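J.: Fit chain B to the given chain A structure using the hints.
2 protein chains.
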Amino acid sequence: MRPAPALRPSHVARLLGPRRVGIFHRCVSRCATRSVAELLQWRPAEKADDVTVNGFVRSVRSMKAHRFISLGDGSSLAPLQALVPADDAKDLAVGAAVRLSGSWVSSPGAAQSHELHVSRVEVLGPSDAKTFPIQKKYHTPEYLRTMPHLRARTPVNAVLLRLRSDVIASLTQFFAGRSFTQTHPPIITSSDCEGAGEVFTVTPANDAPAPGSSSENNSQELFFRSKKYLTVSTQLHLEALAQAVGNVWTLSPVFRAEKSDTSRHLSEFYMLEAEMSFVDDLGPVMDLAEDMLRSVSSSLIESSTVRDLLFRSRTSGSDLAPADEVRRRWEGLMQRDWPRIKYSDAVTLLQQKSSLFEHKPTWGAGLQSEHEKYLAEYVGGGEKPVFVTNYPRDIKAFYMRETLPASPDVPGPTVDCFDLLVPEFCEIAGGSMREHRLDPLLDAMKRQGILKPPSEGVSDGPSSGGLDWYVDLRRWGSPPHGGFGVGFDRLLSYLAGVQTVRDMVTFPRWHGRCDC
Amino acid sequence: MRPAPALRPSHVARLLGPRRVGIFHRCVSRCATRSVAELLQWRPAEKADDVTVNGFVRSVRSMKAHRFISLGDGSSLAPLQALVPADDAKDLAVGAAVRLSGSWVSSPGAAQSHELHVSRVEVLGPSDAKTFPIQKKYHTPEYLRTMPHLRARTPVNAVLLRLRSDVIASLTQFFAGRSFTQTHPPIITSSDCEGAGEVFTVTPANDAPAPGSSSENNSQELFFRSKKYLTVSTQLHLEALAQAVGNVWTLSPVFRAEKSDTSRHLSEFYMLEAEMSFVDDLGPVMDLAEDMLRSVSSSLIESSTVRDLLFRSRTSGSDLAPADEVRRRWEGLMQRDWPRIKYSDAVTLLQQKSSLFEHKPTWGAGLQSEHEKYLAEYVGGGEKPVFVTNYPRDIKAFYMRETLPASPDVPGPTVDCFDLLVPEFCEIAGGSMREHRLDPLLDAMKRQGILKPPSEGVSDGPSSGGLDWYVDLRRWGSPPHGGFGVGFDRLLSYLAGVQTVRDMVTFPRWHGRCDC
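These protein sequences, in sequence, are chains A and B. The first sequence begins at 1 in the UniProt record's numbering and counts up one residue at a time. The second sequence begins at 1 in the UniProt record's numbering and counts up one residue at a time.
Extracted from the complex, chain A is given alone in its bound form (with noise of 0.2 Å):
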């Protein structure tokens, strides 16, 4: 471009005539469309005309000159009661995209206080009710999780997703509040072996490999030059970060490739992480576990979206957990002083009822599920989540720091780590110190067979799975530091008494599904 003669705005205005420039008027919308959730806690004692509402066609009952019509727009639980002619009514099929206006009118004996009567009906998205797959019916689970583009549409679905919101929302005040530094660590990563479990690679849809070559060592075609792997967990990247800003936090997409088909696991989802630098110890990071989650609880306690939760009817939402049960799991988090036991002392305590359990009880083996229900149920007092601690070095991951003194009671060494149980659920949340040092650091490693003895250099090289910049965090200024991760979609479970994430969430991918 050369470079142009000085021109103001007004000369535009001349180029083009007054009529060109800022034709679009702003739209600020002045009448007086309310949302469901807003209309139903309005109780006006006299009728409220010209008042519009937009959603969608949940059902349709007739009576003799009218229509009943359920309105649902995703804000709230309940539908919104409308009250329209019969003539206006024949487009309101199930489904339909409606603006309905009309008058608030206060309805005595009904259901709900007030009603719409409707006096101009708008389809603005038409809807064939017999073909919709979401009827004003009960459907199961599976039959939901086929159409997950329509599945949102379903009046408990919208509260699942209006709770990540406002979860979300919380956990940004809370770390803003501390100032911690909300973080987007990187997805695609250079490491296959931080022992999370398998691992996804990413490869342009056009570099699929030529028939008969292998992809392993056609290594200078690779788009990143080497082989790549989507992120099981943010952690490592964290630390980096906590060494720039100190106290740092994320929630991201994590993956993994593995194909277990359970109720508890997804190829794809949501982890909150949080670092904290410059800690001595595992008492400010279990701290801030407690503290986040009773932040989190406390705060939404009282919204609309967690009222739609707890005191839903029988009815609605009857593949979530019964309604009592969720309030205890919220009511637990809101309390203080979360019991802390060590490993040794939980394994101690479960021997003394070993004949409880199916599996015995033995330190150095990892906590089977019923061991972990078993302290959640009573250490907890089945109400108050409970840290497990300093569990066996040799089934924790290399980056955990050794807890030093060794404990001369305990049978072999163990680590700064804590699991997060909570009743019913077990582990919630998991964390430790990390190993801050680089002599213990690279001994680990070795010790884990990730990294080869003859490979310590700077080098992004395969031998030390491609965590060589890891290590090197250690060799300038690695102050103590710990952090925790939750499994965001698993704690949106919990708070909603979802029976499976693979219902938590919108689009869940997992071992042979991937839909839409």
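Note that these hints are calculated values from the structure, not bench results.
As the list makes no split between identical chains, a pair holds if one copy fits it or if it spans any two.
Subject to a maximum C-alpha distance of 20 Å in a straight line, what follows is the list of computed SDA-like cross-link-like pairs (lysine to any residue):
id, residue 1, residue 2
1, K360, V410
2, K227, D515
3, K90, R475
4, K136, A93
5, K130, R475
6, K90, E122
7, K259, P204
Source: prediction; values computed, not measured.
T.: Same frame as chain A, now just chain B:
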């Protein structure tokens, strides 16, 4: 697990002894640890004792009996100055992570109003200053880009991390205040044909195709049964969610396998996308984009992060655009009533100035960068962002709604869309009304070769590029809706004055580069 007898918490204590439960005391930090930013703002009249600060040594200057330590912790661009007795300072190497305690004392005449007179030094993470790659001197962006895991520890990069966090928090508050639902659309998707560029595919690392087999043909072995991709934009899924809860937004990573080697392209970046339901035209969508950017800039202009960016000295952050230029950008975003001009009128305007341009402005062709710059500069008066609307249909994506009625003085069909241009930087956001009616959408997909005529069914077949579910959304209750997307890292680059998006992202990924 067999049913357990009722057991109260007191029983647990009895089993283990009270010592064993709750042995971790809550570590409420009572020490006077403050961040560097807090200390630099703190100007007590009297000397303050018992002050502790954690941070990293940026530089060491030797005096006779003392060392002057420049300390940073990522909380501010400016360092804290600490005076340490020479005998205590021998391990205070550049890059070391340290905890310094002492008195906060006014230092008249010095650059800072106060300095820390240190009485206690703890080196929490030592550093070999000789090998530390980041010294207190100018490093080129190219040099720093070779070590992304350490780069964030430079003062300017810490400011950039804080800016990202502040902007996310501000956006979250903005959207929550308008009852927008924050969502997590999927990252792994079924569609490869949204027209937003080349895509990556996803396969389990252990499922590398056997030599001689074509990856296209062994779909029975694929992890998700059919080929899957990393999302290039969440918009299509957002539209499904907007049908559930009305107005939605997301801040989500997206991926492009493009080999472009420019200062504006990454293979992995965050997109901010918003979708509004029940809006009749583009006006409210543009209002939302404008209000959002004005809200973010207004809410952050007084923050310490933005002060660091706007009032930095000439030497700090010397790779950024000049501070006064960055100030103009913020001021522009805070202005009201951004001009809106139709593409056709913009082309007329450009043609009247065609001698300025290398490329002739032609109706029906995309605007060249030189054209956008001219429009941003002269329609916006060099300060306000400018909406250019109603581009020709045939150069835009299939999902955009055609402008009706067509204007008689326009050469061809246009769509209800906008690009938002800012001075110097050009496009910073783009949006449109979406075609919400079934038949016009199918026509557009046929016209663009996405939908092959015989397959209009609901199956997730390859003949629709995996978009049958998207078409499906139009079958039942699809109200008029529209939205926009903002390249989040580009927006941050604009706000920070970062010249290339590779330096805005801590771990940037582009063709040939994916470190750590």
